[in-house]
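Start from the sequences and build out the full structure, keeping to the hints where you can.
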Amino acid sequence: GAVVSQHPSRVICKSGTSVKIECRSLDFQATTMFWYRQFPKQSLMLMATSNEGSKATYEQGVEKDKFLINHASLTLSTLTVTSAHPEDSSFYICSASPQPLGVGGDSPLHFGNGTRLTVT
Amino acid sequence: KNEVEQSPQNLTAQEGEFITINCSYSVGISALHWLQQHPGGGIVSLFMLSSGKKKHGRLIATINIQEKHSSLHITASHPRDSAVYICAVTGGGNKLTFGTGTQLKVEL
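One line per chain: the protein sequences are A and B, in this order. Going left to right, the first sequence walks through residues 2 to 121 as this note's numbering numbers them. Going left to right, the second sequence walks through residues 327 to 434 as this note's numbering numbers them.
What the hints contain is simulated information worked out from the structure, not anything from laboratory work. Beta carbons: idealized from backbone N, C-alpha and C, even for Gly.
Heads up, simulated DSBU-like pairs for lysine-lysine below, C-alpha to C-alpha not over 30 Å straight-line:
1) A:K42 <-> B:K431
2) B:K421 <-> A:K42
3) B:K421 <-> B:K380
4) B:K381 <-> B:K431
5) B:K394 <-> A:K42
6) B:K421 <-> A:K65
7) A:K21 <-> B:K421
8) A:K67 <-> B:K421
9) B:K394 <-> B:K431
10) B:K380 <-> A:K42
11) B:K394 <-> B:K381
12) A:K56 <-> B:K421
13) B:K381 <-> A:K42
Which residues of chain A face chain B? A few of them, derived with a C-beta cut under 8 Å, are:
14) S44
15) L45
16) L47
17) I94
18) L110
19) H111
20) F112
21) N114
22) G115
23) R117
Not close to chain A: a few residues of chain B, all C-beta gaps over 12 Å, as computed:
24) L337
25) G342
26) E343
27) I345
28) S350
29) N390
30) Q392
31) K394
32) S397
33) H399
34) I400
35) R406
36) D407
37) S408
38) E433
Written out as structure tokens, the structure reads:
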């Protein structure tokens, strides 16, 4: 089945540094990937939609200059948390689909295993 | 009020019990997804539904579009089914809206 690889799985960084998270679709092309954030005991929240070859679409309240998204190829999207602060500590997870959501297929959603970011 | 509501929030069951998790939504959707999130955080897509009923092994998912309601059933539950089960809907623009999840614990 389709696999999405996310790296790293866990990262600890100092306040003020930047952290890059990669999301790769291993056996399918994804024109669109999604980035989510999940705080402890809370639901997943969509941060942004990553579009290959064009600018990402950010959800309301998500700072595009702080969370830089690059989707340079059909199999790779990256999320960079710039000038990280302790309040950015969270679980970040990406998803991708080989086809538009809600259009045919059985379970077209494929998630990475997530990245647990801790900013000290 | 959240656009996607799940119940119960927490559920403890004994091995072998039949389990039902409910999801209600208040917006128009093109599809509804049931997801399973393990303690480490990884998420697995269980079902995508736009109508009717689907079955995979011991899992059954149903949706009633008119009532804007879906249920996830687990038959013959097992401790390995312990996880957070999340309902999510696809609305306009291919975006997912998530429910708050149901924490399931199945005990021996």
